[in-house]
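A.B. asks: Join the two chains, each given in its own frame, into one complex according to the hints.
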Amino acid sequence: MNLDLTGRRALVSGSTQGIGLAIATELARSGAAVVVNGRSEERTEHAAAAVRREVPDAEVTAVAADLASEGGAGELFKATPEVDILVNNLGIYGAKPVFEIDDDEWRRYFEVNVLSAVRLIRHYLPGMMERGFGRVMSIASEAAVATPLHMVHLGVTKTALLAVTRGFAKAAAGTGVTVNSVLAGPTRGPASEELDDPKSLTQRLIEPAEIGQMIVYLSSTQAAATTGGAIRVDGGYIDSILP
Amino acid sequence: MDIDLTGRRALVSGSSQGIGLAIATELARSGASVVVNGRGQEKTEQAAAEVRREVPDAEVTAVAADLASGAGADELFAKVDELDILVNNLGIFGAKPVLEIDDDEWRRYFEVNVLSAVRLIRHYLPTMMERGFGRVMNIASDSAVVTPLEMVHYGVTKTALLAVTRGFAKAAAGTGVTVNSVMAGPTHTPGVEEFVGELVGDDMPWDEAQRQFMKEHRPYSLIQRLIEPPEIGNMVVYLSSTQASATTGGAIRVDGGYIDSILP
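Just so you know, the protein sequences line up as chains A and B, in that order.
Heads up: the first sequence is residues 1 to 243, going by this note's numbering.
Heads up: the second sequence is residues 1 to 264, going by this note's numbering.
Extracted from the complex, chain B is given alone in its bound form (with noise of 0.2 Å):
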């Protein structure tokens, strides 16, 4: 089965490294012009750089806006102005005591995890559905569901990007728009090799440590591996294929199996 993205406009927010970099290389891949998105103008570059090294004759533009912010968003607005493929993929994260999470915080993990999502999604979806065709995917995580306790608020804001997508999925029902979440798991992300060397000792060899890893420190991860974030970006180019049209309104897994639970 051949998935064939050219002609798609694609959006990654939050892509110049880690899994958002991937999924914007991966769409580039299967033929989609994508944009890269980032705070700051030289990472941006470096970004769509990097994509254009790994798929030479991609299309990708550079955006630098603060998503995080209405600002931000109507930068981007005013540069792109449709697309046919939106992910969301801008998130912050960082342990905290929940009883340490003031108002702000919270507020903070609310506009950038949520909202930020919501207005882009608010802005390109209609047009989508006027066209007759559109995929809007949210990355949120295992957190999603399993709240950890060292990042409630990070949790928090992942359950609701949940309901976001159903949410929005219902207002673009029956126009050939599809809107999922995509729950990712432990993912091989820059600063993950550091963290994994701080608890089981940096004298192994990566594949052993990571290993030791999964298996003291995220025993239930099914794959007993860090997922690639290229695996991610597979599943975001499944889902945006014309193949994937019957799935809408959902929280799809690339989670390695971390989610002991049946549903999802």
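In isolation and in its complexed conformation, chain A is listed as follows (with noise of 0.2 Å):
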């Protein structure tokens, strides 16, 4: 099965590193061109930069914007007016005991990890309906269903991501657009050292790159009857039939 992206137009916010990249990475080797983003105009042209190392002849474009806000949303409409596949990846996390967590650390995480989805959703969304084709997909993890007890609130924000996911299928439906989560597990970083952790049934980290290919397959035309869902690449980290 072959699955070619050729002709189809990428945005993966906050993909400068980690997970981000390996989707963007992942899109081009099959052929989309590639909106790269990030906050730091330095950080995102390395980004593309490594895109077009891995992949030679990938359509790659660097938009510094910081897609927290507003404003830096409007910056990205203006030099990317439209997309094929939008991927919601930007995402902010951080251990803090919940009882120290105050109005406003909630409110920033509402902002960076939900609010930054729904705003690109509703820009990119109608044109792919429109235009009869379209893949969302919001990067979710593990902790969208088992809320962790260090990061409540990261948790709390990723569990809201799959309603939003949710709702905004429920709005393309019969388009031709499909929306989805996708719930990532413990996956290798920078400075990760080996998972050794017993819920994991791969009993090993998740290479960044497992996850760029979900992407690629729930991007392509032969997923058109997965719209709605949160899909695994956890690893088998949640210890639950659902999902």
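What the hints contain is simulated information worked out from the structure, not anything from laboratory work.
Beta carbons: idealized from backbone N, C-alpha and C, even for Gly.
Check each hint, because a few of them may be wrong.
Partial chain B-side listing against chain A, Cβ under 8 Å, derived [stated by the list, open to error]:
1) 2
2) 29
3) 72
4) 163
5) 237
6) 247
7) 253
8) 254
C.D. replies: So, in structure tokens, the structure goes:
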């Protein structure tokens, strides 16, 4: 089965490193023209160069914009008015005892992890619906299902993303556009040591490219009947039959 | 991204028609050698011929065996001792008021829809684990999550399959083998056109008829059309690939968005 994304225009928010960069790379490898995004001009250009190094004939554009803010999203919309594939990967996280998370911190997590995705979907989805093809994917995590005690605020925003996904999937019903979330599990980062957690069924860290590969599959025409769902690339980490 | 299953040996239970046949065809199209299976020799041979017609260079074997029984499974094991990809697609369904389903009917549904899958997994999983690669997929449906009033027994067995999946995925932890279920939604299978015709009339072109059927009778579908069997095959091909190595123990949707829940 050949998954060919040639001619598709993709955007991955927060893609200067890690999972976002791997997603952008895999999309490019399958032929999509990709917009990489980060806050700083320099780091975003670096990321675009990294994609080109990996996929020499890739069509990659760097758009530096802080998508956590409305102003930043406005800059992006000017630079990139339309996309066929939107991957909401931007997100923040950090450990904090739940009693110490104040209102402003809660608001910040909501702004960055939820509202940034809502804003991009609201902008790009109507054009996808008119054209009769589109793919929206939001990167959630196992924290969406198993609220982590040491970062409840993160968990709450990831849970919220599942409902954002389902809601916009309904808005796009019957149009040829699919909207899904991808539940990532513990993934290798720049400094991560080996995973020692019995909950993981793969018993190893997930490689960022493995998440990118599911994104490529969900972006394909072949995946047209999967929408409104939360799809696992979690190494079996979530100990539940659902999802 | 090219998904190449060349060199993989696959079996699809209950694959003489419909979703099972489409899965077998898509696996073959991506290079896997495929065992198709049904109860009758003739229908199974016909299914194999159909896969070959669709994929001329496919390596297809027909094994007729009634996998609803332990004896039938043994016949299969005698002919096919190892697999890399196992798709449990065999299943029965039928409408019946829940108060009228007697113990024997409950047992029959359990035997065919659950135990047949358990038996094949129990047999084929250990050698997959030894070899460090394997893919097991159980075809469940939206009924696993939304128990349908008109066939509670069917829904119960599909729910049970999700737990079978999760349980064997745990048994295979850390071995390179993944075990998942695929939740299909309303699908364009043989017989469905007649069913649609009965409900919305048969004077419309098919595309219009199915859209009206979905609107009136399956309003939760987000794709607002029936799923084509190869679309389920596509997901099975993806999950069978090396690329899908981090997805295990899960229930993956190819339901057209039919299940109105954020999970799964």
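A.B. asks: Does each hint fit the structure? Answer for all of them.
C.D. replies: Hints versus structure:
1. 2: holds (5 Å)
2. 29: With a minimum Cβ separation of about 7 Å from chain A (threshold 8 Å), the hint on residue 29 of chain B holds.
3. 72: The hint is violated - residue 72 of chain B has no Cβ within 8 Å of chain A, the shortest such distance being about 27 Å.
4. 163: holds (5 Å)
5. 237: holds (5 Å)
6. 247: Holds. Min distance 5 Å.
7. 253: holds (4 Å)
8. 254: holds (5 Å)
Of the numbered hints given earlier, the model fails hint 3 alone.
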